[in-house]
Amino acid sequence: MRTAALPMTSTTRLESAAVGPAPPRAAGDFRHIVRLDKVDMTFGKVRALSQVDFEVGRNEIVGLVGDNGAGKSTLIKIVSGLLRPTSGSVAVRDEPIHLHDYSVRMAHALRIETVHQGQTLGEKQPLWRNLFVGRQIVGRFGFIDVKKEKAIAEQILRQAIGFRGAGITAESTVRDLSGGERQGVAIARAMHFEADLIVLDEPTVALAVSEVRKVLAFVRKVKEAGRACIYIEHNLAHVHEVADRLVILDRGRVVGEFAKGAIGLAELTSHMISLHDGRAHGGD
Amino acid sequence: MAVTRSFAARVLRAEGVPIVLVLSLLVAAFMIAAPQVFLGYRIYMAFLASVPPLLVLAAGLTLVIAAGEIDLSFPSIIALSGWVLAYCTHELGSPWIGFALALLAGAVVGYVNGILVAHVGIPSIIATLATQFLWGGLTTVFSQGLSYSLGDIDDASLWHLLVGRIGPVPVQALWALAVAVALWFVLNRHRFGEHLLFIGDNVRVAEVVGVNVAREKVRVFVLMGVLAAFASVLLTLENKTFFNTQGGGYLLEVMAAVFIGGTSVFGGQASVVGTVAGAFIIGMVEAGLVATGLQGFWVRAVVGVVFLAAVIGHLVLDDPERGGDLPRALRARLERVRRSPS
Chain A
223 MRTAALPMTS TTRLESAAVG PAPPRAAGDF RHIVRLDKVD MTFGKVRALS
273 QVDFEVGRNE IVGLVGDNGA GKSTLIKIVS GLLRPTSGSV AVRDEPIHLH
323 DYSVRMAHAL RIETVHQGQT LGEKQPLWRN LFVGRQIVGR FGFIDVKKEK
373 AIAEQILRQA IGFRGAGITA ESTVRDLSGG ERQGVAIARA MHFEADLIVL
423 DEPTVALAVS EVRKVLAFVR KVKEAGRACI YIEHNLAHVH EVADRLVILD
473 RGRVVGEFAK GAIGLAELTS HMISLHDGRA HGGD
Chain B
4 MAVTRSFAAR VLRAEGVPIV LVLSLLVAAF MIAAPQVFLG YRIYMAFLAS
54 VPPLLVLAAG LTLVIAAGEI DLSFPSIIAL SGWVLAYCTH ELGSPWIGFA
104 LALLAGAVVG YVNGILVAHV GIPSIIATLA TQFLWGGLTT VFSQGLSYSL
154 GDIDDASLWH LLVGRIGPVP VQALWALAVA VALWFVLNRH RFGEHLLFIG
204 DNVRVAEVVG VNVAREKVRV FVLMGVLAAF ASVLLTLENK TFFNTQGGGY
254 LLEVMAAVFI GGTSVFGGQA SVVGTVAGAF IIGMVEAGLV ATGLQGFWVR
304 AVVGVVFLAA VIGHLVLDDP ERGGDLPRAL RARLERVRRS PS
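Chains as they are written, first to last, in our numbering: chain A, 223 to 506; chain B, 4 to 345.
Check before you lean on any hint, since a few could be wrong.
Claimed, not checked - Under the rule of at most 20 Å between Cα atoms (straight-line distance), these lysine to aspartate or glutamate pairs were calculated in the DMTMM-like manner:
1) A:369 - A:393
2) A:267 - A:416
3) A:443 - A:416
4) B:243 - B:338
5) A:346 - B:18
6) A:260 - A:275
7) A:482 - A:499
8) B:243 - B:18
9) A:372 - B:94
10) A:346 - B:210
11) A:369 - B:94
12) A:445 - A:472
No lab work stands behind these hints: they were computed from the structure.
Construct all of the structure, not just a fragment, from the sequences and the given hints.
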């Protein structure tokens, strides 16, 4: 039996290995890694987002908060290429995106990585497949270079995540891992591909306290490495602690934005509760 | 001790090993029961002639099931493509054109299945059940319910290439082996196969990692269609006859071969090696039982026993704890039955 082993035992190693300085880019300067303008998203009759303006600076940690159904996940699914907005525009590094072509693959190519909420790994598959699926190292005719993938996977597991002595190898299947270990693998995958924007959708759900600290430390290191992050979190204390800016969503609209220090945790909490009450009593 | 045990465990966990063991035991049992038949080579050559269509179908279906889908329409592809081959041979005098068009027909049927499943959103068990009726019915219409005898087709180069003999060895066995090897590589070493495994494992995960789920599903149904057509061509050429009901008996046998081989009905986990062994088990039981002097009536019952034994064996290997639960669960159930008053 394994202990509730932490996915990231060696914090310093983790960040130095995976979130190195962003390499220089020919594309030059940009202000916003991603910007949404007047984005609407409707599913049948349900309006999940309406007229949302949202942007993330090139080295900014944006905390996205809001109640269940506020539209947080919809918003980040648009950013990560899973959903196409009904209307509005999206720009990456200040360049407008042709939404018709936008996809998860294209987001990956633009170095936007997302750790989605809940299941992000194939349970019956070995870790090496999970780390590379969608971006396999292939030779001619699309055959996978299994040896290389496994070698790099071992390296990620040992160095970036710090799975050591826990009997976890590149061949381990996901269903043999604890919740924290799974989250570690999902985050390590995002880090390995050197994203400029890492989107974390409730990464601390179901994690032990010590594991949560590691996720928060990771978010800070993203900032130090000059990269950006969208951080979705139910726990207001966590997000208040690490975010440069807080964006509050409610029923598909941006209803508040606060720079770091502009609002205290207690104030933020009562603000969120009042939104919730307004919704419960006066909601449409 | 622990080392030997873990070594044994690792060997048992290697792909298809348990089911290859079952196949070996079956052959050994037949050798003991009917040595005059099973110690000679002829019976094996007969198997190598008759099993290939089943094997090709089962190997293809393994990939479909790996993706969490099912294809029930292949019996009708066996009929349709067989008719296309027979018709072209008869009317145009060209088995080669017939071969090409037969494969094309399989691809079309598979493509329609893929569109219905991936783009229209009909569950594959329903969509392919419907197309099974459709194409089977159309084949009856096209053929006017007639059979074709292709008595002199063994003059054709196609016949020699696909189902001829090299010495005593039926060539179709080599084709089936080539298909199985190719599909093993596709499933285990190719991007496409990995995508199928993730789609079958959890389609939401496949989407978020950037797999084009709809496209890969269409592809796997097209692949299955082409393989079913190829199996049909092997069958029709070997029999030198086309029946418009050919393929009818294959549905359950092919599915049995896949599941005996240890492929998960839930998708995400599949074994081509297991399927090959499963196809031979299914294909050998009948001839084996007849040779041992048991009546042919026993065939299906014995297949059932082997099937259950194989599936339970896979379950135990896959999850030893659950395997341990099995006797316990049976005992508990027996206890309950004994205690219930009526």
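Structure-based check of each hint:
no. : hint          : verdict
1   : A:369 - A:393 : 12 Å, holds
2   : A:267 - A:416 : 38 Å, violated
3   : A:443 - A:416 : 13 Å, holds
4   : B:243 - B:338 : 57 Å, violated
5   : A:346 - B:18  : 15 Å, holds
6   : A:260 - A:275 : 5 Å, holds
7   : A:482 - A:499 : 25 Å, violated
8   : B:243 - B:18  : 36 Å, violated
9   : A:372 - B:94  : 55 Å, violated
10  : A:346 - B:210 : 16 Å, holds
11  : A:369 - B:94  : 53 Å, violated
12  : A:445 - A:472 : 27 Å, violated
Hints 2, 4, 7, 8, 9, 11, 12 from the earlier list are contradicted by this structure; the remaining hints agree with it.
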